[in-house]
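Residue numbers (the numbering used here), protein chains in the order written: chain Y, 1226 to 1362; chain C, 6 to 171.
It should be emphasised that the hints constitute simulated quantities derived from the structure, not laboratory data. Every value quoted in this text rests on a predicted model; they were computed, and no experiment measured them. Do not take every clue at face value.
[Stated by the list, open to error] Here are the simulated DSBU-like pairs of lysine-lysine, each with C-alpha atoms no more than 30 Å apart in a straight line:
1. C:Lys69 <-> Y:Lys1229
2. Y:Lys1262 <-> C:Lys37
3. C:Lys37 <-> Y:Lys1258
4. Y:Lys1236 <-> C:Lys69
5. Y:Lys1296 <-> Y:Lys1262
[Unchecked claim] Taking CB as the label site, the calculated pair distances span:
6. C:Gly75 <-> Y:Lys1236: 44 to 52 Å
7. Y:Asp1361 <-> C:Asp68: 33 to 41 Å
8. C:Leu52 <-> Y:Lys1358: 53 to 61 Å
9. C:Ala98 <-> Y:Arg1305: 36 to 44 Å
For every residue, glycine included, the Cβ atom is placed at its ideal position computed from N, Cα and C.
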Amino acid sequence: MKVKNHSHPHKTQMDGFFEGDTETPIAMLNLLKFKEKAEYEDGRETDLTGKEAYSIYGQEVVKHLAKVGGKLVFGGRISRLMIGEVEDLWDSVAIAQYPSRKAMLEMLMDPDYQKSEEHRAAGLEGQLNIEIKEGDL
Amino acid sequence: MKKYLIGLVIISGLMFFLISNDSDSNESNSYKNALRPNPIQLAEFALGDDDPILMVNLLKFKDKAEYEDGRATNLTGREAYEIYATETREHLANVGAELILGGEVNGLLLGEVEELWDAFGVARYPSRKAMIAMARNPAYIESEKHRAAGLAGQLNIEVSEQGFGF
């Protein structure tokens, strides 16, 4: 089976996200793959690794999450796969909780968030972002 | 001369195959769900350090449950797995571990996968020793029959909470 990491959603993914239930709590599982060296879209010079640039975003996003009532559940480095196979394993995992899709959209539209997002784009090669509806398993 | 030409055609064909394969893997990446770890995965797991670990599970269920002992059942794969999940809360607690988040996979906002997983769960263990102790417990092994009956396959990703800057 194939998997593709992306940095930005397709239009259809974005559309689908804001249709349907936008009011109930969701969790977002991020499977992250970093660039070796950070590359800023405005072309600024940097010595940061991709992971270091993303960590700036990660620290700042905690407060952006709090503003809309969301929070980071955990973030960590991937050590290995215990079951299954992935050709090019992701580097890190992070899970965020939002009170609703609407709250997530509000965060994404906030100019302060968009400023922090420059570091995400600089550091991230691509990712999966999987929406979870929490409940009993 | 003719032999040489045929050789050249085969080699250039191979080159094309390798190059096109290579450019393909830049943008897509293949994965395989499995039911159980392979021996190398088990060995690497056992040799790791003894810090707390998080296990991220991405689960794909069978349509219909199938028990390895061949017993008759009307359960769906998801229903069989739910028996395992319910019983496993206690097995986790017995070794000081817990399920910290679980639920249904709704969809993908970023990226593409050929076949999306059905459900997701994250467990935190105080150490890998604790996880091994759970996996060896006969009561857990009994519960695990429901897991094997319901699960088509999964990714189980080991995560260290150390070393991520936030």
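Results of checking the hints against the structure:
no.: 1; hint: C:Lys69 <-> Y:Lys1229; verdict: 29 Å, holds
no.: 2; hint: Y:Lys1262 <-> C:Lys37; verdict: 29 Å, holds
no.: 3; hint: C:Lys37 <-> Y:Lys1258; verdict: 18 Å, holds
no.: 4; hint: Y:Lys1236 <-> C:Lys69; verdict: 35 Å, violated
no.: 5; hint: Y:Lys1296 <-> Y:Lys1262; verdict: 28 Å, holds
no.: 6; hint: C:Gly75 <-> Y:Lys1236: 44 to 52 Å; verdict: 49 Å, holds
no.: 7; hint: Y:Asp1361 <-> C:Asp68: 33 to 41 Å; verdict: 21 Å, violated
no.: 8; hint: C:Leu52 <-> Y:Lys1358: 53 to 61 Å; verdict: 37 Å, violated
no.: 9; hint: C:Ala98 <-> Y:Arg1305: 36 to 44 Å; verdict: 25 Å, violated
Hint check: violations occur at hints 4, 7, 8, 9; the rest are consistent with the structure.
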